[in-house]
Amino acid sequence: KNQVEQSPQSLIILEGKNCTLQCNYTVSPFSNLRWYKQDTGRGPVSLTIMTFSENTKSNRRYTATLDADTKQSSLHITASQLSDSASYICVVSARSGYSTLTFGKGTMLLVSP
Amino acid sequence: EAQVTQNPRYLITVTGKKLTVTCSQNMNHEYMSWYRQDPGLGLRQIYYSMNVEVTDKGDVPEGYKVSRKEKRNFPLILESPSPNQTSLYFCASGRASSLTGELFFGEGSRLTVL
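Chains as they are written, first to last, in our numbering: chain A, 11 to 123; chain B, 374 to 487.
These are calculated hints, taken from the structure and not from any lab test. Don't take every hint at face value.
Restricting the straight-line Cα-Cα distance to at most 27 Å, the calculated cross-link-like pairs of lysine-lysine (DSSO-like) are [claimed, not checked]: (1) A:LYS11 with B:LYS438; (2) A:LYS115 with B:LYS430; (3) A:LYS115 with B:LYS438.
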C-alpha cells in the first residue's frame, strides 16, 4: 500500500531559526513529490514539485531535497518568520498526473516570536 | 485572478437533508477533484474528474456523488448526509496535460452534520 510518513508531527521554533521537515514514502512507481503549505482554515498552496531526476529545489526561503533511492524528502525553512506557521504537507504521485496522489498527514509548524 | 471557488464555506445541516457543495474554477483546467480533511487523517480523495463527463472514485467515495457537465464546475452532492461526513472539504483543479502541474485548491467548505 502506498504510504507517506511525515515527521515530526509538530514543531515549535523561534522566529529567525531554521528547521527541517522530513517525508518518507513507499509510493511505487514514483513520479513526483510535492510540498504544500496549508495555513489554518485555508486551502493548501504548492511550494515545490520535484521529479525523480531533481534532488534539490528552492522557492524563496524553502528548499526541498529528494533522495529517490532512499525514498526520502526534506523541506528546509531558512530564517523562519511568523507567517511560516502552518501545516506542511508532503504529497507523492505514483504516476504522472494527479489521480494517484498519496498525501502525508502533515507537520504542524509554529514559529514563536 | 486564477482561483478555485467553493460554496458554501460553512454549513450546518441535519442528517438526511440533501446538500450540494459547489466548486468552480476559472483556469480552464481539465482535472478537478474533491478531498476531505479530518484531524489526524490528512487529505483523502473523494472523487476526481479528468475532463467533462469523466468522473472516477477516489479513496473514500461512499455517501457522495459528483457530476462534471461543464469544464469549470464540479459539484459535490451528499444525497443523505450523516454525522460521519462532518469534515472540511476541499476542491482542487489542475491541467491534466501537465506531468507535474500545480494543483490549485479552494479555500475549503466546513460541513457539520447533526
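Does LYS430 of chain B lie within 27 Å of LYS115 of chain A when you go C-alpha to C-alpha?
holds, 21 Å
Need the status of pair LYS115 of chain A, LYS438 of chain B: alpha-carbon distance at most 27 Å?
holds, 25 Å
Is the hinted pair LYS11 of chain A and LYS438 of chain B satisfied, with a Cα-Cα distance of at most 27 Å?
holds, 26 Å
Hint compliance for this structure: no hint is broken.
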